[in-house]
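Asker: In case you want the letters, here they are:
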Amino acid sequence: MRLRKIAAAILILVLTLALVGAIAELPSPDERVSQSALTQRIIGKGVVETGATNLVAAVLFDYRAFDTLGEATVIFAAVAGVVLMFYHAPLHPSAIGLSILAKRSLDVIGPFVFVAGMYIVVYGHISPGGGFQGGVILATLTILISIVYGLQEERRLLDPRFKTALESSAALLFMTVAFVGVFSGEYFLSNLGAGFFRGHPGSVLSGGAIPLLNVAIGLKVGAGLALVFYSMVKKEPE
Amino acid sequence: MGLSLAYWVVLLLFGMGLYCILTESNLIKIAVGINVMEAGLLLFLVRLSYSPGDLAPLMGPTTGPGIADPIPHALTLTAIVIAASTTALMLSLIIQIYRHYGTVDIEEIRSKMQ
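Listed in order, the protein sequences are those of chains A and B. Here the first sequence is numbered in this note's numbering, starting from 1479 and rising by one per residue. Here the second sequence is numbered in this note's numbering, starting from 39 and rising by one per residue.
With the rest of the complex left out, here is chain A (with noise of 0.2 Å):
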């Protein structure tokens, strides 16, 4: 054991070393790094050609939405998995929650939390944020439900059944989003060129396609990562 861990550090003393020779090879930061032109030309046009203020949303909705419906995917495949591997395990009856006080607390706190998650989802193409952020908030308040008001009555409230629907719907969103780009002559996954509403950049309503498939991954992520902490908090009885 002792000689395992001199031979560990000894190892990543070695390799950290050999990074720091790798690294010091990069350009200094003191001398500006020249952009390639893919990412001149997403600064210099991203706002035309997207209508979102939000350059990260852009790239991600827009000019690599197709990588995006793979990330998605790559969720669908963990939440599926979670939820096999606890599918047998049934409810532990005893999840009563905490004290009056923690569940007024929460009476309070809970609509901001939903509200701030759903602003961070639907801003996400002027603003930072977007719908992998605002989802794992909205996720979170299903986990403060859980903690609080026990798994019960979270169950009662967002039945499981209810978010497997909203994680299925909103990936058909996604894909409707992406077919309308097919049916209208342009490419898979096409935004402005599709005929989505282009708006004012910097407005809500604006950046074509990009909102929608921003509610559609943050209902997605949301529904999604409550299913996972719903699934893994569920107790096998005694």
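These aren't lab readings, by the way, just hints derived from the structure by calculation. Nothing false has been slipped in among the hints.
One-sided excerpt, in silico: chain B residues whose CB lies under 10 Å from chain A:
(1) F52
(2) I59
(3) L86
(4) S89
(5) L113
(6) I118
Small disclaimer: the values here were computed from a predicted structure and weren't measured. Using N, Cα and C, we set each Cβ at its ideal position, and we do this for glycine too.
Start from chain A and add chain B according to the hints.
Answerer: What follows is chain B alone, placed relative to chain A:
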């Protein structure tokens, strides 16, 4: 060494995570180590795309030079999501292992398997 502070933090996080993975025998701690390593890697990606004085890639009414490259940011977001998915699967497997063997220590699991 002339490396900037962010790179030292990257190396520290990466080394700490790897040390944790190599020496710990508790499965939960190994999962934590993998996540620490991932944090170092994500910081490396973000730091690589940044030059001093760069602004966040949010375009206002006036767009000037010195905007950070948005592509690595999007890639980092993808990496975070994949990391979260793999962590969820990892923890689920650890829970199942605990229910089956009654421990999360790999040495004990190894002795129980024989």
